[in-house]
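Enquirer: Here is what each chain is made of, one letter per residue.
Number of protein chains: 2
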Amino acid sequence: MTADLVLYGYWRSSAAYRVRIALNLKGLAYESRAVHLVKDGGEQHSDRYRALNPQELVPCLIHGDQVLTQSMAIMEYLDDAFPASPLLPNDAGGRARVRALAQLVACDIHPIGNLRVLQYLGSHFNADDAVKGEWSRHWIGEGFKALETMLASSAQTGRFCHGDTPSLADACLVPQYYNATRWKLPMDAFPTIQRVVDACNALDAFAQASPEAQPDAPPSH
Amino acid sequence: MTADLVLYGYWRSSAAYRVRIALNLKGLAYESRAVHLVKDGGEQHSDRYRALNPQELVPCLIHGDQVLTQSMAIMEYLDDAFPASPLLPNDAGGRARVRALAQLVACDIHPIGNLRVLQYLGSHFNADDAVKGEWSRHWIGEGFKALETMLASSAQTGRFCHGDTPSLADACLVPQYYNATRWKLPMDAFPTIQRVVDACNALDAFAQASPEAQPDAPPSH
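So the sequences go chain by chain: A and B. Note that the numbering used here has the first sequence beginning at 1, numbered continuously upward. Note that the numbering used here has the second sequence beginning at 1, numbered continuously upward.
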């Protein structure tokens, strides 16, 4: 099988999940190639994958001769290269708001709780699963508290994070919410986040991007 | 004093430093308002500042009635609102590369070593300055190793991260380099990073954005 767009990802990677949502929202078909993040010490550390992405992280998107890394840069690229069904609003202020909401998740929540950081907490601080859970809930909770305020207090919030069209912000929020539920973060304090996530997950573009819907997801987990 | 652009920042904040570079590269005058991140438990946690940025982080840029947060979103906004002296190349592939290099720093290095994370390591893992230093050098080193490979192996790298014009990527790299030297990360393994940083710091736009050049920098530290 050859495809114009090839996505290297992992079913449960938050960053790969974002890009799947963006591809689906734009109606772009792609070939999915799994990079198992845990098996054999992690396929992302293989020479073959490192040649694509020296950061040894997923996702990586191939488009023709372009090798694209960093999920936020990839989603912006998709909006640049395939302008239909834009992921950003058409005014500078709206774009700034959507990018800020997206980056609140992509910069200030997700990287702190990423697999490699949890592995380091285990190896250097003897953190067990309970301590890793406390760490994860703390940072997701801090971020969601701010995000809830920003969403609930703005007239620009609509059915989705920004108005009634899903954007880059929703593509970041939904995977982070999925991660939060894995860590059993109570959601009572985040009604607006919950409402927006529910609206997103009612759409095929989001549902089909979910970890459980991926070919590399284990039958049960 | 009134100003069209008001930047809330802190002399040594990496994220505020990025935005100062971007403002200077575009030749935009701005009023600087200091938010002391340490004094009295941190002015970023005050009610007054939280009303501007519920994340309680710097920077925050005010432009007319726009309140902008997240340094990457702010820099993209500046490029949107003030197109002269662009911070991104004019081709989609180039923009994706610059954004990926910028986000490597902004997502995968900086947030993991940010003040609030180091404070948490101290309060929850009894990490002292030596352990915080080891943590910081580890994550900056991981990121710089990948960044060095990406810069050294690409024909698109020029005098700066992308060609011969400073971009969003340089605006992220220079503050992260400054932070790396604070933590005494050896730079021998990163000759391309070193060369690019030196080229940047030879420009007024970068020099005038440096922490030591800010009005709120202490006389000696």
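These are computed hints drawn from the structure, not numbers from a lab. Check before you lean on any hint, since a few could be wrong.
It does not matter which identical chain is used: a pair holds within one copy or between any two.
To be verified - Straight-line alpha carbon distances no greater than 30 Å define the calculated DSSO-like cross-link-like pairs of lysine-lysine that follow: (1) Lys132 to Lys184; (2) Lys26 to Lys132; (3) Lys145 to Lys132; (4) Lys39 to Lys184.
Quick caveat: nothing in here was measured; it's all calculated off a predicted structure.
Enquirer: With identical chains, the pair Lys26 and Lys132 could be close in the same copy or across copies; at 30 Å between alpha carbons, which is it: within, between, both, or neither?
Expert: neither (36 Å within a copy, 43 Å between copies)
Enquirer: When no copy is specified for Lys39 and Lys184, does a C-alpha distance of 30 Å or less occur within a copy, between copies, both, or neither?
Expert: The answer is within: 25 Å in one copy meets 30 Å, while 35 Å across copies does not.
Enquirer: Using 30 Å as the alpha-carbon threshold, which applies to Lys132 and Lys184: within, between, both, or neither?
Expert: Both: 12 Å inside a chain and 28 Å across chains, each within 30 Å.
Enquirer: State whether the alpha carbon distance between Lys145 and Lys132 is at most 30 Å within one copy, between copies, both, or neither.
Expert: both (20 Å within a copy, 26 Å between copies)
In summary, the one numbered hint that this structure violates is 2.
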